[in-house]
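Single-letter residue listing:
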Amino acid sequence: MPPLSILLWVPAACGVLGALAASVSSRGGSEPGSDGTWSIPGAAALLGTLAALALALGYIVDYKSGGPALQHVTDEVWISTLGIHYKLAITGLNVFLLGLTTLLFAVAVLAANMREWDRPRLFYFHFMLAESAVLGAFLAQDLALFVSFFDLMLIPFYFLIGGWGREPGRVKATIKLVIYTLVGSLLMLAAAIATGVLASQQGGGHITFVLTALHALPLSTGSQEWIFLFFAAAFLVKMPAFPLHGWMPDGYRAMPIEVLMVFSGVLSKVGAYGFLAIVLPLFPQATVHFQTLMLVIALASIIYGSLQAFSQTDARLIAGYSSVAQLGFITLGIFSLNSQGAQGALLQMVNHGLVVAPLLFIVGLLSQRAGGSEDVREMGGLAFRAPVLASLFLVVALATLAIPGSSNFVGEFLILLGVFKAKLVIAVVAFSGVVMASVYALRLFIRAMHNRVGPSADSREISFRDGAVLVPVLAVIVFLALYPQFALHRSERSVKANVFAAERLSRTRLTLFENATGYVQPGGVIK
Amino acid sequence: VVVLRNPFYSVLALVSHLVSLAVLFLLLRAEFVAAVQVVVYAGAVMVLYVFVVAYVGGEADSIGERLRRGAAGSGLRLGGAILGGAVCIELLIALLGTGLEAINGYGAGYRVGGPESRTYGTPAFIGNLLLTRFLLAFEVASFLLLIAAVGGVVLARRRGGLEDEDERELLTPLDLLRPRGTGTMAEGVGRRHS
Amino acid sequence: MTTLLATAHLKGPHIDFAGLSPLIALLGGSVLVLILGLLGSRWIRAQAVPTLSLGVLGAALGLTIWQWNAQKSIVSGALRIDDLALVLNLVLIAGGACTVLLAWRSLAAREAAHGEFHALLLSSIAGMSLLACAQNTVALFVGLELLSIPLYVLCATELRREHSLESGLKYLIVGSVGSATLLYGLAMIYGATGTTDFSGIAQALSSGSLATDPLTLAGVALCVAGLCFKASVAPFHQWTPDVYEGAPTPVTAFMAVTTKVAALGVFLRFFDVALISTQVSWGPAVAALAAITIVVGNVGALSQSSLKRMLAYSSVAQAGYMLAGVVVSTQLGVKATVFYLAVYLFMNMAAFSVIVARERETDRGDSIQGLAGLGRERPLLAWPMTISMLALAGIPATAGFMGKFYLIDAAVSGGYTWLGVVIVIGSMISLGYYLPVIAAMWMREAPASEDEPQALASPGPSPVPVLAGGSTELDEELAPETSSPQPEVLLVAVLAGAATIFFGIVPQPLFNLVHGVGSGFGLF
Amino acid sequence: MSIAWYLAVSAIVFSLGAIGVMTRRNPLVVLLCLELMLNGANLALIAFSRMWGNGDGQILAIVVMTVAACEVCIGLGMIVAIYRRRLPIDVDELRELQG
Amino acid sequence: MSATTYGWLVLAFPLVGMLAIALGFRRLGGGSSKAAGWIATGAIFLAFLASLGALIKIQGLAPDHRQVVSSLWNYASTVGVNAQMAILVDPLSVFMILVVTGVSTLIHLYSISYMDGDRGFARYFSYLNFFVFSMLLLVLAGNFVLLIAGWAFVGAASYLLISFWYRRTTATSAGIKAFVINVVGDVGLVLGTYFIFKHTGTLDFLKTFHAASTGAFGHGKDEGDLVAGCCLLLVGAFAKSAQIPLHTWLPDAMEGPTPVSSLIHAATMVTAGVYLIARMHPLFELAPAAQDVGAVVGATTLLVAGTIGLTQTDIKRVIAYSTMSQIGYMIMGVSVGAYAAGLFHLMTHAFFKALLFMGAGSIIGAMGGEQSLNKMGGFRKAMPFTYACFIIGGLALSGVPPFSGFFSKDDILLVTAERGGWHWALYVAGYIGAFLTAIYTFRMIFRAFHGEPVAEARELEGGHLHHAPVPFNPANGEEEDTDVGFPGPNHAIAERALPMRVAMGLLAVGAVGAGLIQIPKVDFVIDDFLRPSFAGSPLYEPHTKDGLLIFGLGLGTVLALLGIALAHRLWVTGGRELQASTAIRERFRPAYELFVNKWYFDELIDALVVRPVAATGMFALGTFERVFVDETLVGGTTGIVRAGSAAVRAAQSGFVRYYAALLVLGVAGVGLYFLLQV
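Residue numbers (our numbering), protein chains in the order written: chain H, 35 to 561; chain Z, 236 to 429; chain P, 5 to 528; chain L, 5 to 103; chain F, 170 to 847.
Mixed in with the good hints, there may be bad ones.
[Unchecked claim] To spell it out: a stretch of chain F is covered by chain H in this simulated footprint if at least three of its residues, at any positions, have a beta carbon under 8 Å from a beta carbon of chain H; those stretches are:
| id | stretch |
| --- | --- |
| 1 | 233-247 |
| 2 | 333-347 |
| 3 | 358-368 |
Just so you know, the hints here were simulated from the structure itself, not pulled from any lab data. Yeah, the Cβ is synthetic: ideal placement off N, Cα and C, and Gly gets one too.
Given only the sequences and the hints, what does the whole structure look like? Please build it.
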């Protein structure tokens, strides 16, 4: 396989090249992307995303679940003075998230190509930059590098939303969103630097931010705790988790649907991924110390998100709040602090990304058929003239509510099993979220597809291109539903290794499982 | 200086203050400094002041004005006085509270004795220092005067579109400045401008 | 200089002209420029003078580089030439060069008959570099004044603009109070230690109970106040916004960058060398000041309508950030501060050059709304502005991020973690005013018709004098300038922006540059 | 008279100058008050220089005088310019820039 | 081919059928061609044949090797969880797939005619196949994960079919209601699984049972976790099998097409709970407390449902409530250990209840979509075949010998009685239920077929099938919008459609004769066949007490006949105007109100769960989000910052003297600080 840097920078490069090509070419890159003719930047972007997707699939196939924890490592010294390395690697944690990212970006760009954009060169440039940044955040094996990409991610989206978002309140919502999320990220920046510095001070060595090196230099519990809180702030805001989701409604309303697909599908995962890949192994004591707090926050997110989701009438926000709830589940799994929960959380990250993106895209399609409105009260009875759309939507909806037999269910099953082990009561309460999920998912489906025909509804079948956007994602959903083990066995070892420290610390709390067979493998598997 | 209403009087008060200060300098056996004080300050600079005051007409800020200026100004007066007092007290505490017993003595000159103390404060002494240890400061200071002259010119020069009567008023003070301007270039430049 | 040469052969000290050469170049250059400006024709004044001053700066630059990693005290210990001094010189000269370019066609330069303008500029730079390597209090004070006095004038050069004059006078008055304070502080320290040499002071303070003597401490306090004033640290920052807004934009750019450089340079030297043994007492105080500054600056910058004013507040905040490097008084801290200073140059120059360009193009001056639609109309201006805003906000892949990173690193490893946190909180707040600027450029359309100032919240000060009628000949003298393309301004903008990005991605060269700056000090 | 007295005087002078700057509105007078502050400092310098018996203080004092002269020059220049602009000679009237 | 291969085939056929129809629905066309219907029926029939194959194979094995597991691939086995894509073929599952595929085939056949002309024809059959697939997956699942998957799939299928006519708001709301309640059941199931997994550490059925028998839960009975787990499993069973209090979705589910009601909500899906308990018997036998819960709930349900059935007027709902009560019998049976009897009743009930629904469908067709008993009457001559089927089904339901229901029901009650102790109460309840059953069943039959023929009936006798002038929704009478097909524009009745007649006929045969395969003291087909699945169960032995047996049979017969007689007295000889029944209604007004309002269960759930949650949601949406999230968190912080900004700008007054003053103030402050250092 080629080095990871290629995967990382191909999208951005294509964005730039597309812009340049368009600006030199006679067409000026401002051709409409609609009705079959591709704008140069759009085409370039599509190529880039597809290339990245191909690479990512290659890495997934090539991943050796028995191999070392870090595979395809790229390790260059970036800034020797600060001990920052440009270190990328594939781990069991990020390999599928890479696949998810590239896939969603590919379909989002495809979807974007169906519309005519003002200033297409800039648009696709930012879009591709965003993909590179997200990939970087997933790939980075150096804390400072991760933080850099984590912050950088937001900037292209700032431009995308602010420049091409929907009135009203586009700019305001954008600034709110970016500030809100960057606040967390900056706190994390301070925390990250502190981590590097304090760790190296205790280790007595030269300052370093390489994760593997930091694992070897545990921090004192005291500093771990505030650092943990800062990291948590960043990740919880990004997810978003209740009550830090204040930016979400406005932001979701303002985003163009194609941008929203990737934003909601991928960016929220970075937060969860950060918890799993950074926080748990680096700050085990603090993690255990704040476990209950985090679990409660997650629970609140689940319940609050679900409540909102089945009270909302704006289809987007239904999707948005549903992802608040879903990410609540993911957080729950991570902070169950055992391998079942974490494993489920990881799987659920992929699943949720796979589910929410097509859901949002469908919302877009629905609004096209409901006279531009995204209010479910305007919709209704759309199924009859669009059976294919209806059935695709149905599959997505069922996957959203994690119907058993879907991969989402396997994820939730593992998550809740983990929580069940850790905190029985919380697991029991969390199940109410499962029930409510069925309510809001079906409510959305019924309000849009069934019942009497809505006032301004004018239903029609989806176009071939729409299908081209939806079908690949659904194919992956179905595949994972049939064979989740495909993802699970690749991630198992990394997950165990990452939760190992925290799990061992929290083991003292859960005595009631000591006798249980099958799990609590002494020592776990740590490389 | 501070309380007098009419700027002109203030200037005169300042002159007297400077002279008395020069006396103190003498008492501190800083002959050269004292001399400079008298010549330059009390002489040149203050003349400059007088001219400008005369030029712009130092109108006193009358009671009425003060009332018109309203509470803010008066409040500031009070506050300013208080602040100044506070600073003064702090400084006194600092200066007198110091552990250095020397400040209660009469200065090094008497104790040390020897040749150094005899030449202390004389122009030779100063010049010596100026040309050796503080050569740089000396040069730069002279250059500073040049710059100041240029600046003054830049600021007060006549310009198109601005009516003005005699700009001579401004330039004379510059000439007055010149004699003690060590930087000879300052003269030339100043001239060419005028 | 003549006197210098005259006295050189008699019993004066050994003078290392090599070490002194940059300074000499600057001072002499300013005189040359001045003279050149005097001999007549308009063309010479408008074109040759700036060129010459660029040449002078180039010479100084060359000499500085020639002096590279020298470690010596010259002119009988009045100055010290070391990496710190040289690096700061580089920054200063670069800043000066940018300013010259920005001022090339500016009204201010014309008003102050180019020669004088540039002469003042150069001498001010000289003062700064003097300050940067001052080694005793006398040189310090002189350098400070040599820095300030030309600036007072420069601020006031656009005499037709009331704002300009006002800012000049304010700067003069408050500035003089500041320097008087500093002077008194110096006096007290002198009184406490009996010497004016930094090394001597350090020596005296390190011995015995002098470090906690009220006299010393009061002196330190007054020095802190005076220098904080120069570095526009809250609560001594108040002159900053007014002066920045009022002064001609090129001058503002100059002040914004170089005064910070000089002030922090002397901060580093004076406090981390001379007063290092009182660090226990001034460390916390300065840290507190830094925190206050960060908060005040960032908070004040919110909801400003004038870009210059906003940048003024932001520069206050930045000063707070940089103080953090001083506070910790470690090698790392010194490096971080200097690094940030260098970065700060690029970021601000990019922003200010864009403002200069805009001021000349539109009548909407420096108002933020005036930038609406810039991304569509003039991407070449919009990008540098965007980059600089992002960099000032400390976004990754910009030099600003690296600078903050380094500063926080220094703060944390110096035991001032809370200060690091304050820094990030400050940059959170700062997002609140940097992002809207970007939004204005990229996300808002330019108002349909330019001739509707009421559409704007507050039209900024206009270069054409609105009050005290600018004469007709002046106007047609202005006419060709207003709409002319400004290659040099664009150059500055693009270069600075590019540098910001470049050093954000490949900062190592800059790190290597500042690597040695702390070495001169007795810090660990 | 011990040095302390001189110092006391200098402190008082300095503070008086400060008060003046804060309270007076006529820029001329403000400049005068600045002079006062500088002179206060000067006195302290001379006194200390006497106390230590070395000349540094005096040198600094001379430099200060130069500086003072320069400041006066600039200040007066500005005042004249302001006067030319027919603006009121009152620092409180100069508050276009604020907020 | 081994038994498991047949098992996989059984799963494969419906799946293939579903996919074929779903993908090719355009070519298969809507109502015009019936290709979709035939494909679907064929698929299910092949599945039926495959189940027969499995039956033969399984019988070919030695009795103690009749539990065969086959795993296709590794579904999800990680971090201690082991879930294979595995099926378990044993007599129990074979028995179930036989019933399911058999009845399903007939109902598919019936549907071909019944749904004829519906514009969702192809969609209907793909749904129906999907349902059958899910049901088979449920019963064949070899571990909890697959069980839960099938469990949820049947729920989804039932949702889809209930809201099949999705322009009816009543249908969609009924559908979501059913689905949500089923999800509650799933949750119970999952949680129960956790409790069991916690101790056994495996998800595989056989491993679990083995672990349980070898004391994974400790060796006593009623271990806390086990009881909790079993009770939670019961929750799942109750939700699926419409037991109190999770039964409210079943009557509403009658919104679906009638064949759907007959297949899903009578014959197969709703009996999944019974299957579950039977499947989990090794666990339940270790947790008698849970068993008792199941038994009591079952008994309660059969009584309550019976009483409600007495008062309903919607013909389908009457049958639905009778279904509830019959399942109550089964649940009670399997909970007290009458596994064979319970499953036996499951089978017979599948026959006669499906038959009754089909008949009901036929009548509804004749009524042009009308379902209310009040509007029916006198179809005896108009629809002889339907009438006959109804009679047969009714007799079987009421348990009149020798019809099938007679044997199975009495078998359950017999075993219950043998448990002795307080189980006698259940025994009595069972017989009261039987009496009620007879009454409401024949109330329905008499009111529909006897008495004066109504207009539609006469029309039909006249040889013309009535059609409603405008199609309308029988539930709320609102007019349909017609671009989606609704209960066929051309209504089908058994008398006219051969497939329907065939299906009903075959079921009628089953309803009559199915009881004969297990007659007390004569033959024990079911017992013997199922024994391997229940090997080692202490409760699984043939009955002994003959006296009790005879008494039970007699009592059952008498009560059934009494009930029929009473119904005849009230609704036939009672005269056309039903004075008699009206009099009784007036006599027991409160009871009537209680029954006719279904014991206010809907209102109760509404008040306890739905309204509070919805209210909270609206609060969160309307108030909380704005006040707390936006104003307090976001607005609060920004407000503070803005205030600070205002303050700073106010300080920036523009008075240079203020600046100087502040400067001096700063000096004073700093100086003070430093002096304090001394």
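Which of the numbered hints above does this structure break? none
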